[in-house]
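Peer 1: Protein chains in written order, with my numbering: chain Z, -17 to 95; chain W, 4 to 118.
Source of the hints: derived by calculation from the structure; they are not laboratory data.
Every residue, glycine too, gets a C-beta built ideally from N, C-alpha and C.
Here are some chain Z residues pointing at chain W (derived, C-beta under 7 Å):
no.	residue
1	Lys24
2	Gly25
3	Pro26
4	Leu28
5	Ala82
6	Phe85
7	Lys87
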Amino acid sequence: QKEVEQDPGPLSVPEGAIVSLNCTYSNSAFQYFMWYRQYSRKGPELLMYTYSSGNKEDGRFTAQVDKSSKYISLFIRDSQPSDSATYLCAMRAVRQAGTALIFGKGTTLSVSS
Amino acid sequence: DSGVTQTPKHLITATGQRVTLRCSPRSGDLSVYWYQQSLDQGLQFLIQYYNGEERAKGNILERFSAQQFPDLHSELNLSSLELGDSALYFCASSIGQGAPNEKLFFGSGTQLSVL
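So that you can see chain W by itself, here it is in the shape it has in the complex (with noise of 0.2 Å):
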């Protein structure tokens, strides 16, 4: 168990609507990534938030936004879904800014499917 908790683990709906995917790192841990995980792209970086400030920006769309609260928890919030946005979305944590040594400790995935 890598203390990373994400919620929910499954979540099924349908094209046009929005959804909320929940994250909380791992007590201590600051910063909190989001990536999405599909068949064909791999996993790729969306965003990263330390400390409630945006911190890093990968290739996350325009109808996707994400915020870090004062808890630390985080919400990626994806909205007007596209059947391609069905995948895997993970979240990580690690306990500073991101420095380039730093150890990513990953959630189990939320899959979210869009039909």
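Bound conformation, chain Z alone (with noise of 0.2 Å):
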């Protein structure tokens, strides 16, 4: 099994649409979860970032982390054409020495006007 699994889509929806976005991981020591947004050719830049369990809201856009059930999720509302790009989670155990972000393959959404 994967440390981080997160479905490849494509997701396609249109203008306007909540999406949601998740992933799930097996490694009960990861704390800090972070979504990426990587447009095509390009670097990934961090989103959204969260440390344990709860909810943190930017704008339209919403990172839920549900520790009992290793799951984590990123909301957009109001979605736009310009949200179009591959959305990576990623995350990272607190006090493992040698470590480093471990990300998730990728989503891939496509929204359309």
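Bring the two chains, given one by one in their own frames, into a single complex with the hints.
Peer 2: Printed below as a string of structure tokens:
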């Protein structure tokens, strides 16, 4: 079993839709959770960052972490064509020396106008 | 623009060859990370350097090596290249040693094609 699982999609939605992107993980030591957005032929850029469980909201984006289920989500409200990109979840343990961010494979989102 | 500079943007070479990818981190960042991205494996962590010292190692092949120089730029050396090494190689940087809450800033990547 991979440490981080993410449905690659593609996910196609009309403009204005609510989008839900999800990742599951197996390592209970993960405490820091991030979402990166990657446009075609570009490097990933940090979108949202949460620590431990709970919700975090930033504009149209909401990140949720459910540590009991080892499940994280990113919701995009009022989706726009400019949101079309690949979304990668990433996570990291707190006290594991010599580790770095572990990424999911990414979900490709397409928002049509 | 993330402030992380990677060169070259594209690299085409033959099997068995050796190439060097270069990365300049954001001004003030002391850590450099190398990642490999392919369609089947996703974004895989290779190695991290902090202020010239190796800090963390991931799924890096023995044919691959990296270093970080005193001016903090980093180079990733790939040797005895195989077709399967064709991928997008990203460099990222962060300000500290790699604390869990540190943000990584990625460059635009080097697309390596091994023919």
